[in-house]
Amino acid sequence: MSEPRIIQNFIGYRATIATEQPAAVEQLEDMLAKLGMSSAIAEIADGKLQIEPGDKDVLFIDSDLNVTVETGGAEPSRCLPVIGIVGVEAPSRLRSLMQLGATATLRKPVHRAAVYSALFVGINEFRRRRYLADRLEQHERRRLLRKSLVKAVLVVMQRTGADHSAAYDLLRRESMRSRQSIEDFCETFIQANGPELDEPETTVGTTKTYAKKP
Amino acid sequence: MTQAQYHIGVLFSQGGPYGVVSRSMYNGAMLAFDEIRASRDYAFAVTPIVADPAGRFEQYAISTSDLLGRQGVRHVVGCYTSSSRKDVIPLFEKHDALLWYPSHYEGFESSSNVVYTGAAPNQHIVPLIEFLLAHMGKRAYCIGSNYIWAWENNRILREALSAAGGTVLAERYTAVGDIDLSKMIASILDARPDFIFNTLIGTSAYRFFQDFRIACAERGIDQPAEMPVVSCSLSEPELEQIGPRAMDGHISSSVYFSSIDTPANRRFVAAYQARWPDGPATSADAEASYVAVKMLAAAIAAAGSDDVEAVRQVLPSLSLDAPQGIVSIDGRTTHAFLTPRIGKSTKAGQFEILWAASRPVRPDPYLVQTTPRYAVRNGMPALRAIK
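So the sequence lines, in the order shown, correspond to chains A and B. Residues in the first sequence are numbered consecutively from 1, following my numbering. Residues in the second sequence are numbered consecutively from 1001, following my numbering.
Derived from the structure by calculation, the hints contain no laboratory data. A portion of the hints provided could be inaccurate.
Said to hold, decoys possible - Covered stretches of chain A (chain B as the covering partner; in silico rule of three or more C-beta atoms under 8 Å from a C-beta of chain B):
(1) 31-45
(2) 148-156
Unchecked claim - Take a look, some chain B residues computed to stay more than 10 Å from chain A by CB distance:
(3) 1062
(4) 1274
(5) 1316
(6) 1333
(7) 1373
Stated by the list, open to error - Cβ pair distances, simulated, as ranges:
(8) B/1321 - A/107: 41 to 47 Å
(9) A/135 - B/1214: 51 to 57 Å
(10) B/1358 - A/134: 26 to 32 Å
(11) A/121 - B/1054: 34 to 40 Å
(12) A/121 - B/1346: 43 to 49 Å
Backbone N, C-alpha and C define an ideal beta-carbon position, used for all residues, glycine too.
Isolated chain B (complex conformation):
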């Protein structure tokens, strides 16, 4: 009997402003493909069809059209930014295909043509805010890349702080890829917040961490102790980009850190490092990509084909012993049950885990269980600047 062959699209940028994280996602996905290929547990073969948008926004739709149209694939693992995901979703709906989106994001979306294996906001920013209020203070300064990831996370933080009697001193946004952040840093030093909430991505973030540490040192400020930077997205490959002089002492909320000390994660990290010795290092998004491919393969096995509706039907019944712990998919929202954690970066380019949820948390992409009924009336900061 001929073994069934399934072609799976892989859509990650190998370059561009966020190429480091995106490459780690590609690596995680390809590792999973390798393991599936080497395993005898699958009665079928999966072949990745790789497309590289190279960090160019318009290329995501072009590549997706090619994958779903000419190449005829039904499942694509890919996208990092929300803007690219939102741009390709109509194509997945048109072809009734499935996008396996393996990155943390800001929520307020639930497409039946997307399986979300990255963290929803109740799995990253909500636990982070609880940690901040307990340990960091109530005066925040928000900096971010000027798109939906930053806007929405800042809105959630602003409302939570306002309800707790805290305040957002300012919100400053800059274009993705911008690395001239001197005005932003000067403004933070003037404001002296309890913490900086960072939603910058890619090269902008790395340059900020470097320049901010230098600016603080020049003024005799112990930056991690006096003005810590907290993020929902900072990962190990990004610490490598920040470099040894400024990589330590940053707080990150994530469902995965490569320092998780479990047999499943030790196996994952070892296999990843053996497969990709030149990096980038393992990260939450790499793990989510690995989980997406493994979950897709398990769903194809359970469904008996890669038919989209058949895969959708079996998804809620599956669970995976992932590097972060048990991961399963909520059938109602097609988001994943994941285990939130808070970590603090070290000079070794790792995260010391300060807190972890005791069990996987149900995804709540619309924050219906946590967000207040009413929007905050007077929560806007005095300074809200877009460079």
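So here's chain A without its partners, still in its complex pose:
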């Protein structure tokens, strides 16, 4: 997982604009067209805005609206860049933008000169946050699997007579060979090569292999 590259050209992107004041976003629509983007005013029904975001979607949402954004899967802040259009600068309105994961804002009525900056910051900051969130998730999952790693090190130590450092190195090499993280490899290893450490029949291997003896 590598850090996302900065996007600077938004041609082909698709903007959904959620507002009940189309006159306030005329310059936004004009500027998006100049940048090679398409745009559409969102349809809001029963206080809900439904959107199925693709890779090149961005949502501009008016903070003066009181709507629920439904993206079908994860919460909006993980699915697509959200750029807030700020009307009333009241805490409740700004908080709603924060909850949607807005990564940039524009003042209402939108002035065209501010649009490229908002897109640049908004989309790239969204990508950076999503990358960090994905990495955090990945690390959390690996943290939970550290228990299997400790078990696997002990199994290898018992079976091969290696010290903990050598046992870890052995597991590390094998995980790299199988193109898995060491935690995933150890989880599989423990499931396939038990037995559990507290089982009395556990034997220490006599050869320099960590594999369970037949």
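The hints should help you fit chain B onto chain A, whose structure is shown.
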């Protein structure tokens, strides 16, 4: 019936670090006013209201406020640097007036209160980069005046070179008007690039060309052949400032050179020289200023008044047989369709045209058709110095 009278602001510096180019812009605009006045094609009179910021940044806003406020003009032809343009745009927006900006610039702007008759980046630096990659090599050394014109053009060059497997050896910036460039020149001589990409403006540029030529000669280096200097902005009046010892062999990308051999340009050059025998010579920016005034007059004629919205509405339907060729305005971006060219300066203070686009090129101020989706990750040079 009384003939309608329209007052048009003219905002060019007559002095200061970039006064030579700015005066040529003033000359181009005033020539157009003269021709309109002398012509029977117009059912109205236009009177220029001249303001001179004298190259002082803060004076542009003061003069603009006076033109749009006290003088009540709706249209102003003017500005050379991007910093001055950006400073006055809010005033044009406040008064809903139109700035006719007649200079090449770095793009990434599209105000509905500005009509851009100079070249957008896809009309100057993009063709220049294509030429450089085909003929000059891939190792660049960038020098520039420390403001947006240089920063953004260097960014575009850096990304294009990086994508082509080339490299920017260094970027060095200096203040507008600085003429002590010895460290810059020593560093270039050490680096030995394939070419020097110059975004210095005004007196800094002229001194660089002079001193660099001398420094190369002292070391037995044939500067134009071994380390050519390439620019997006070098024009004929600037060659005069560089002087006969160092004016030749430089590459420039421009939508206009006074050497364009067409009847329209021959007429323009002759009229300009007759009107301004003491110079500065015709230039791309002088032509863009001339085009701006002519286009504005055509728009007023078509709209029936100088009302800003009426002028905006008719602009996309107009075209002008300009000295560079046909010029028209793109209604979406209010930038001009222009014809890019690459020239090489001669000892006569002119440019030999090496390449020209076959037709006017649609403006693309945000480079959405040419710039890569992603910014270059590792394109920054090892040396990036600001004096």
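Hint check:
Residues of the region 31-45 of chain A with a Cβ under 8 Å from some Cβ of chain B number 5, which satisfies the need for three, so the listed coverage holds. For the region 148-156 of chain A, the proposed coverage by chain B is not satisfied: 0 residues have a C-beta within less than 8 Å of a C-beta in that chain, short of the threshold of three. Listed as a non-interface residue, residue 1062 of chain B keeps its Cβ farther than 10 Å from every Cβ of chain A; the least gap is roughly 22 Å. With 10 Å as the threshold on Cβ separation, the claim that residue 1274 of chain B sits away from chain A holds: the shortest Cβ distance comes to roughly 41 Å.
For residue 1316 of chain B, the condition that its CB be more than 10 Å from all CB atoms of chain A holds, with the nearest at approximately 14 Å. Interface exclusion of residue 1333 of chain B from chain A breaks down, the closest Cβ pair being 6 Å apart, not more than 10 Å. Against chain A, the non-interface label of residue 1373 of chain B is violated: not every CB pair exceeds 10 Å, the least being about 5 Å. At roughly 43 Å, the beta-carbon separation of residue 1321 of chain B and residue 107 of chain A lies within the given 41 to 47 Å, and the hint holds.
Checked against the hint of 51 to 57 Å, the C-beta distance between residue 135 of chain A and residue 1214 of chain B comes to roughly 55 Å, which is consistent with it. For residue 1358 of chain B and residue 134 of chain A, the hinted distance range of 26 to 32 Å is not satisfied, since their beta carbons lie about 49 Å from each other. Between residue 121 of chain A and residue 1054 of chain B, the C-beta spacing of about 37 Å keeps the proposed range 34 to 40 Å intact. A beta carbon spacing of about 47 Å between residue 121 of chain A and residue 1346 of chain B agrees with the range 43 to 49 Å that was offered as a hint.
Of the numbered hints given earlier, the model fails hints 2, 6, 7, 10; all others are met.
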